[in-house]
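Participant: Since the structure of chain A is already known, use the hints to place chain B on it.
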Amino acid sequence: MEPLMAVLVGITFATAVYMMLRRSIVKLIIGLTLLSNAANLLFFTASGLTRGAPPIIPEGAEQPAGAVADPLPQALILTAIVISFGVLAFALVLIRKAYQVVQADDLDQMKDTDT
Amino acid sequence: MNLAVALPILLPLLLGALSLLAHRRLRLQRWLGVLGTGALLAAALWLLRCVAREGVVVLHMGDWQAPFGITLAADLLGASMAVLTGLLGLATAVYSLATTPRGHEQYGHWPLLHLLLAGVTGAFLTGDIFNLYVWFEVMLVASFALLTLGGERAQMEGAIKYVALNLLSSMIFLSALGITYGLFGTLNMADLAAKVAAADQPGLLSVLAAMYMVAFGIKAGAFPLFFWLPASYHTPPVAVSALFAGLLSKVGVYSLYRVFTLIFTHDVGYTHEILLWAAGLTMLTGVLGALAQTEIRRIVSFQIISSIGYMLMGLALFTPLALAGGMLYIGQDIVVKITLFLVAGIAFRLLGSYRLEALGGLYRYRPLLGVLFLIPALSLAGLPPLSGFIAKLAVVRGAIEEASWGITFVALLTGLLTLYSIIRIWQQAFWRELPAHATDTGVLRGERRDPGLWLMYLPVAVLAGLILLVGVYAQPFFGLAEAAAGQLLDPQAYIDAVLGEARP
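Keeping their order, the protein sequence lines are chains A and B. Note that numbering that gives the first Met the number 0 numbers the first sequence so that position 77 is 76, with each residue one more than the last. Note that numbering that gives the first Met the number 0 numbers the second sequence so that position 354 is 353, with each residue one more than the last.
For reference, chain A alone in the conformation it holds in the complex (with noise of 0.2 Å):
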């Protein structure tokens, strides 16, 4: 199972680095959702994959029997998702408005506040 995920966040992170390295902002936010996907399942895969043990206490016991999945690392992605998830919100709105503002959707347009 670790290897097949881990070859999937390799593959998740080269399409987000492709995709945030094109010039449309469009893409530049695709780019920003991949990549956040992929830290998510990275820390998901690094923190160990445990299959059918949820980890839930029998009734009366003190402990669970036997080895179950870690639960932390599954709140603390649900917390990373949620985070990405308003900023990916905010991210979209502000392409819009940019993309009224320039009237393009190009980055090389945006240049004027560089060198």
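Because the hints were derived from the structure by calculation, they are not lab data. Hints should not be assumed to be uniformly reliable.
To be verified - Over 10 Å on every C-beta distance to chain B, these chain A residues come out as not near it, computed from the model:
(1) Met0
(2) Leu3
(3) Ala38
(4) Arg50
(5) Ala52
(6) Ile55
(7) Gly59
(8) Glu61
(9) Gln62
(10) Val67
(11) Pro72
(12) Ala90
To be verified - Derived contacts from chain A toward chain B, CB cut-off under 7 Å, selection only:
(13) Leu27
(14) Leu34
(15) Ser35
(16) Ala45
(17) Ala79
(18) Ile82
(19) Leu93
(20) Ala97
(21) Val100
(22) Met109
Beta carbons are placed, not taken as given, at the ideal position from N, Cα and C, and that holds for glycine.
Facilitator: This is chain B only, laid out in the frame that chain A set:
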């Protein structure tokens, strides 16, 4: 008693919520802004007093003992940074009263200001590295919105770069967190420090350290990852720019200080050598960039980058003196940068431009403003008897004691070039005659009164006074920085304070 460490975070959060509730009542929002940031400063000072007396102050949220719950922990560095956050918040709030356009206030300038401060103090006071990520995001979302309020073209262009690169760095940070958790099964910084010290996977650790370095380096604006900073910091109204310039990139530097003194000290010769190169290149490219600019806010934006180099240099040398100097540099630079931006804002108010070719005659008509510019500017260049001199002296002496001649040379050269870039502003905006094509000079000549001007002068004068005070009466401030450096170099007290009796 330990409430002291939570108060600087809770206060701005609460005030942000209250300001949102007072959505339609701008007068109330303004009062909340000034009084609230004042209260934040008071709370942070109280925290600093507690830390100075009792050592590291720790609060386990919800009474979940470390390393299982989220921990807030304040040592001298974190507490001093919180004090500076309060100070800058107050200065910006007062300045905003006179300068923030009405439309910006109606669309949430004040609530966002509070939430930004909450994110910044949260980042300074947390003892949990995932929590640090969360506070980073709180701060970033608030700063995104503050940066784009108004929706002008330059703001949009700057914001796209700012948002994209900061998100990229957040994602690198998050990936590093995932690997950290996978390796050590903990995200509490004190617990991590103990476990990293006991780990024997130097290769993987160095990769991890590099990921944190890149993530925080982007946020701090270190070479070669700084390009978003001068492209965006000058675009919002000047009070917001000043706050960004003073605080935001320093949060990245603070995180580097925290992570690379507490956690990643397994291979100082490798990680801190990279930091040293980054420091030298950062200061040099920053100042060269500043020389190429002709707009005050952009010159100062590049100077921010240059100063980040000195702070990293203090960290990279990793001796008590250099660390103390680096921290003193962070503290004084926060005040210097915000003062320079605020002075630029006054010049804009008087002459309607930030461009050097449209400015002139400021010293002739407003000698006080000239003095108020020279104090932070000369401090930036590192001239005695100002605060920048003390900090630079300590950092450079740290380098000389380590016999790092290369970085010493670069630091001194950068100081010289900084002086030159400051003199350019002085000579063109203040010293020479008013240019003939400057039309709207009524306020400058005193023919028309500007009722809000004193609100702009007040924070500038107080901050400039502070720079002078730190320069002349340096001992207590330097003593504080030395004590903070001692805490960073011997993290055992921090680890014991956080983990407490939970340690095996």
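Participant: Please go over all the hints and tell whether each is borne out by the structure.
Facilitator: Taking the hints in turn, this is what the structure says about them:
Consistency note on methionine 0 of chain A: stated as away from chain B, and its beta-carbon is indeed over 10 Å from all of that chain's, at 14 Å minimum. No Cβ of chain B approaches the Cβ of leucine 3 of chain A within 10 Å, the least distance being about 16 Å, so the stated non-interface status holds. Not every C-beta of chain B lies more than 10 Å from that of alanine 38 of chain A, the closest at about 4 Å, which undercuts listing it as non-interface. With a least beta-carbon separation of about 17 Å from chain B, arginine 50 of chain A lies farther than 10 Å from that chain, consistent with its non-interface assignment.
Residue placement check: alanine 52 of chain A keeps its beta carbon more than 10 Å from all beta carbons of chain B (closest about 17 Å). Listed as outside the interface, isoleucine 55 of chain A is consistent with that label: its C-beta sits roughly 18 Å from the nearest C-beta of chain B, beyond the 10 Å cut-off. Even its closest Cβ contact with chain B, about 24 Å, leaves glycine 59 of chain A beyond 10 Å, as expected for a residue assigned away from the interface. Residue placement check: glutamate 61 of chain A keeps its beta carbon more than 10 Å from all beta carbons of chain B (closest about 17 Å).
Interface exclusion of glutamine 62 of chain A from chain B stands, the closest Cβ pair being 15 Å apart, more than 10 Å. Every Cβ of chain B is farther than 10 Å from the Cβ of valine 67 of chain A; the closest lies at roughly 14 Å, confirming the non-interface assignment. Proline 72 of chain A, annotated as away from the interface, has a beta carbon of chain B within 10 Å; the closest lies near 6 Å. Here alanine 90 of chain A does not stay apart from chain B, with its beta-carbon only about 6 Å from theirs, under the 10 Å limit.
Restraint check, leucine 27 of chain A versus chain B: the minimum CB separation of about 6 Å is within 7 Å; hint holds. With its C-beta approaching chain B no nearer than about 5 Å, leucine 34 of chain A sits inside the 7 Å limit, and its interface hint holds. This hint holds: serine 35 of chain A has a C-beta 6 Å from the nearest C-beta of chain B, less than the 7 Å allowed. Taking 7 Å as the C-beta cut-off, the interface hint given for alanine 45 of chain A holds, the closest approach to chain B being about 3 Å.
Interface restraint check: alanine 79 of chain A against chain B, minimum CB-CB distance 6 Å, threshold 7 Å, status holds. The beta carbon of isoleucine 82 of chain A comes within 5 Å of a beta carbon in chain B, closer than 7 Å, and the hint placing it at the interface holds. Annotation: leucine 93 of chain A was flagged as interfacial toward chain B, and the flag holds, the nearest CB pair being 6 Å apart, inside 7 Å. Restraint check, alanine 97 of chain A versus chain B: the minimum CB separation of about 4 Å is within 7 Å; hint holds.
Among the interface hints, the one on valine 100 of chain A holds; its C-beta lies about 5 Å from the nearest C-beta in chain B, closer than the 7 Å criterion. Taken as an interface hint, methionine 109 of chain A checks out: its beta carbon lies about 4 Å from the nearest beta carbon of chain B, inside 7 Å.
In terms of the numbered hints stated before, the structure departs from hints 3, 11 and 12, listed from lowest to highest.
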